[in-house]
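Colleague: Join the two chains into one complex using the hints; note that each chain is given alone, in its own frame.
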Amino acid sequence: MIDTNVTKSTHRKRAFFLSLIPGLGQLYNRQYLKAFAFIVLAFSFIIAFKDLLNIGLWGLVTLGEQLPRDHSVFLLVEGIIAVLVLLLGLCVYALNLYDAHLNGKRRDLGIQLNSIREQYRNVIDTGFPYLMLSPGFFLLIFVVIFPILFVILLAFTNYDLYHSPPARLVDWIGFQNFIDIFKLDIWRRTFISVLSWTVIWTFIATTVQITIGIFLAVLLNQKDLKFKKLFRTILILPWAIPAFVSILVFAGMFNESFGAINNDLLAFFGIDPIPWLTSPFWAKVALILIQSWLGFPFIFAMVTGVLQSIPEELYEAATVDGATMLQKFRSITLPLILYAIAPILITQYTFNFNNFNVIFLFNGGGPPMPGQTAGSTDILISWIYSLTLESKQYAKAAAVTMILSLIVISVALWQFRRTKSFKEEDMM
Amino acid sequence: MLKKFLSVSLTAGLAVSMLAACGPQDSGEETGGKTDSNEKPEKLVVWEDKEKGVALEPAIKSFEEKYGIKVEFKELGMADEIREQLPLDAPAGTGPDVLTLPHDQIGALATQGLLAPIEVDEKVIDTFTESSIQAQSFEGQLYGLPKATETPVFIYNKEYMEAAPESFDELYDFSKDFTGNGNYGFLALWDNFYFANAIMAANGGYVFKQTDDGLDADDIGLNNEGAVKGAQYIQKWYEEGLFPKGIVGENGGSAMDGLFNEGKVASVMNGPWAFQGMQDAGIEIGVAPLPKLPNGEYPQTFIGVKGWHVSAYSENKEWATKLVEWVTNEENAKIRYEKTKEIPPVKSLIEDPVIADNEGAAAVAVQSQRGVPMPNIPEMGQVWEPMANALQLIVTGKQEPQPALEDSTKTIKQQIEASGAK
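For the protein sequence lines, the chains are A and B, in the order given.
In terms of numbering that gives the first Met the number 0, the first sequence is residues 0 to 427.
In terms of numbering that gives the first Met the number 0, the second sequence is residues 0 to 421.
Chain B extracted, bound-state conformation (with noise of 0.2 Å):
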């Protein structure tokens, strides 16, 4: 009995110290870890796009011989592998110090504590375009420098345009005449939101309101009036036959380019990265900004920007801003569009004749300034799949745009609030 009552007692007290001493016993002296120093570090270490280093290459180059630091650099899928792979290396200490991102990355990392924000002169600022620095700031603070931009503009077949309309009421009249026997005059991905927001933003609907300090995630304006009148212009081309069901939904993208190519489209709406692919099958194409609206509006589409950014991880936060700023002025920015076409929203570069004599850069150009930067905030992510699914009532006749949009705002706000935003 005794024994039985000293080993119990003897476990329980074991437990008991074990629980106290349980979890690391360094609290209180830590300090982060981290520490940030103006001290030249040996290297830095940049992750880069896939197939795009040969534009990176002699703006590292030329930092390396001013600086004398070292710049290692890896190419990884921009889109998945940056995004995926940061989360876990950057605590890691095996992340970068520069890294690339779609903007539209930017508040989801931000949020997760993966990016810094930097700071850079005014001057430095002012040599790219206000819209592609909005883009690339979240919640009030610059999280990056712009790299690249794109948007979606006007492609035309020369066989059968020989210049863009000036207006949507000329292209519509055109369309209406030369639609038929399997051919069509124009033809978008109107019910997918990333297009047909062009025309709902021309005519004042918004996705979020825009403020001084950012987006305001609670103001959004899917279901206003304009937003509205936006939805029954797009109605009306797919009521009339102009735009045929075949390129509603999912695998519309693939149809319509498969038309395109095959000579049976006169024009249609599409990004820069649809250039190669038509060129390759033959297609001798003219590249135009969007023509203007019936009410007197350009289409106000959504930009794109690929920026240069600081983890939040980097030791050598000042160095690796120094090398934002490097690889995205001027000089290095105009080697980037030579080697990979990629347009960097530099004010001087749009004007340079390098990028004006070019039609298709020109166009993405002048387009991406009429347009707007795809919201950053994590909150968009709730966005895409409501309004598809409102676009595709819209367009196939089950719902009117009225009702369609006000269920699809309704759900947005549901989801971000179950998304845990609040």
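Excised from the complex, chain A in its bound form (with noise of 0.2 Å):
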């Protein structure tokens, strides 16, 4: 009986095509006040975003006609936001005609509809976590994603000194940002050299502060260690202190004639004095010394807490079974440490990626390199910070941010699909 129906009666699609115009289908299903509710909310859509769409979409299209009336950049984002409005508009229309469609089809199948307060139950209950949520994404909209977005379209642009608003429109010139900067030999050449300094800084810089962090938390959390407290204020205390401050401390600490370093304590020990800030290799050097000596005590603290949580008796249990202290810092202690850190230890190499701060402060990516327009300490970020915004090229420098991005992004997402801690499965 009831699959006759379904083939006889047409009313999903029927309520389905009316609803291109928001309300008309529910109106058709007789729910009377969800249909006025959609009208209502159609036309005032239309009616309050009518100019921003409008003037919106066509700003994003042409970046504007004729000085000096438009404002290229002010009129990229009037269209990323009506985008955004309309993307938001299209979700509703979408909800509409889903919605429309799903009462038909229980009209096909002989079911009977929602009262009205059947209706109004079902969205308190079901809608309730989106009701909480939706505050909080609004806000994400225009924080996060508008701001991507931003970066994304600008690097299609020719956004640069010399297509600046107001005395110029600024154009859309699709990947040409993209093609200049692997065809272009100043950027070419020092590319590679730059990249290989990244990814071994990342990696050992990133790595050393790691080890000694876990090395010191295990060290200070033997049972029968005194004055502990102390011994934990005195590691915090690097990164109590604000970074740039110890940076530029520390670059007067390594000065080559006149710092601490070479004339008291190497002098110390009948060390000649190292070109900790002409010598390339040295200059690396001592950034990943600092780099070690910055970054520790956040792992430090960090393990710290997670040792407190492993329970004694898997070390009795070791105990019993003759394992040497090694072994059960291999067995128990690592694995985990690791297990509970892991994440965070991956944003600890995607931040030494980009660490801006430490490069820039320290001697500015120096010491130069002949025929090379980066410094020999140059990671990809500050070089490309000292090529880009300081003689402003706002284009490039997005589009070099993407490629960054994108590096630093799928390297995270791989690893943090590796790691177990996202996994819910108990590893104890």
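Calculated directly from the structure, the hints in this document are not laboratory data.
Where a beta carbon is used, it is the ideal one built from N, C-alpha and C, also for glycine.
Be careful, since some hints might not be right.
Covered, in the sense of this in silico footprint (three residues per stretch, anywhere, with C-beta under 8 Å from a C-beta of chain A), are these stretches of chain B [claimed, not checked]: (1) 245 to 255; (2) 267 to 281; (3) 399 to 410.
Modeller: Quick look at the structure:
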């Protein structure tokens, strides 16, 4: 009986197509209140956002046509907002179509439609979490998604000093920026050497700071150790001092002729002064040392926390089985630490990949190398900074930022997927 | 089926009509919205540098009395805040009529269409030194009037030096004797192009060729014979250990200042901004123009000129220009010098006892006349980094002057090209 009904009646199709004008489908389904709501929503959307959508979409496509009326960057911003608003509107529109289709189908199947009261309960029951989430979600759209879209779009324009509003218009130029980055001599020649140092820097600096952090945390967690609190406080101190202050102090200490490290520390051991700032190799060593100093307290603090939560019984059982200290560390402590903090370790790597502060403040990427536009300790981000932002090549900077983000995101994603922390299985 | 067709065509039609109606509807009637009028405005807005308003207040007061136009001023960081806010505020109508800038930013802001060229009487222009007017000109047009000037000079510790030497040869001999045991006879940041250019330019090097229409960015003279000779002279001071390696690089300036303030250095090349810190450190300093180089020329230091400019978005450009003339006239320039110790490049004032009798001010004023304005075209932004690199390679002995300067000039040219200037 029901089967024949389905084939015969076509309420769902009719309701769906009527709903192309919001509310009509609901009207057809005799859900008057809902229909009214959709119609009002649709009209107010059009009336409220007509101008924004009109100017915004036009601006997004053309980026302005005549001066001085059109300011390309403002138009780009307006355009992105228009697209976001439009997408939200389309979501509601899709909901309207879906609703009309769903209720039409229920009529086709001969099922009683929900009464107003039931609908209300339905919305409250299933929609409540979404209702609570929505303010945060809207904020997220404008604080996070909007700037990202802006940077992505900027990468496809020619926005630089010579194409800069209000004197000139900005134009879309497709992938030209990306092509330029790899085609231009000064960029390409230096790119590989900078990239390789960036990778080495990320890997060594981060690994060293993690190793020191874990090592010290485990050391200080020994049961019989006296003055634990004192040691902990001392080891947290490097974290408490603002990084840029420490970096500038280090820059002074590493000074070849007057710094404390060459004059006092190394001289005390009878070691000749080391050219920390003018030799590429030693500058790199100095940077890795500084970053280890800056980075380990965070790992140390976190691992100390993790260690408190490892049950004592595990060690007792291991002792009964005759395990050595090293075996206990390798089979109990380390796996449990890594299990707990793996995601944070990954963020440490990505952080150092883009660790602009320490490079920029220590010696500005120097010392220079013959025939290259980057200094020998420049990492990608600091190199790009001096190449683009100082000369106001905003579009190229955006393009390179996109490439950098892609690298960081893909490595991070790949690693995140491999860590166990995000899988909901119990390790213990 | 019919309905489907109907609805599809309906949506399509709707979309097309929407697209057709797209965009601002007032095209063609736009006249720019900016109307210049000679009528007196109610008020003018001025953006002044941080902590320099004290020197502006008296000038504003007399301007208000004379013309009956109210002038409001706001203090903003000249090198960063004004530069960043102007592109946003000016088009939005909340910008200033008159603003102050270091002259090396004129090119970039004029290219962006934010500064208006001004027209003033030849008589007014004549009151300023030639180099300061040159600094205010871009692509053959005058973009403002100079307010203050600064340039590096020779500063010495009176404990070790009775008077400034006449020539660099003399200074070299003195330095040879004096340097040792952590003491230095003379120090300068010659790995920094801002200071090094003084030596290279005096030997015949130049950044961009000065032509009648302004600077020619295609003609770079940083690898010519003179520049190389200058770089060789620079190299000599480092090679012979008269300049320590510790003052090379990004943080060399603070190392040098520290040494001088500890009393370990007899003399340095530095700008007037350093006077205060040295005096605060308890050192009795003497100031003089830089001595003659071995080739008989005076070092041609880079001059920085701060100026007053008119915003392109000002609705009262004529009155704004009048205000610029007013605050830079001799009387108000003198007030500025007295209140802020900034040296106005006004010819008559440089000979005025107020400045001529002050050792520091007089030295800066004299040195300013021997220097060259820092290039104010936006291409200059591409020069600093490659030149700093080349100089550092030269002074640390990693590369000889000739190939290092060839490399950097090539890089500068490529970077200018890549920046979209062409």
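Colleague: Does each hint hold? Answer for all of them.
Modeller: Results for each hint:
| no. | hint | verdict |
| --- | --- | --- |
| 1 | 245 to 255 | holds (count 8) |
| 2 | 267 to 281 | violated (count 0) |
| 3 | 399 to 410 | holds (count 4) |
When the structure is compared with the earlier hints, a violation turns up for hint 2 alone.
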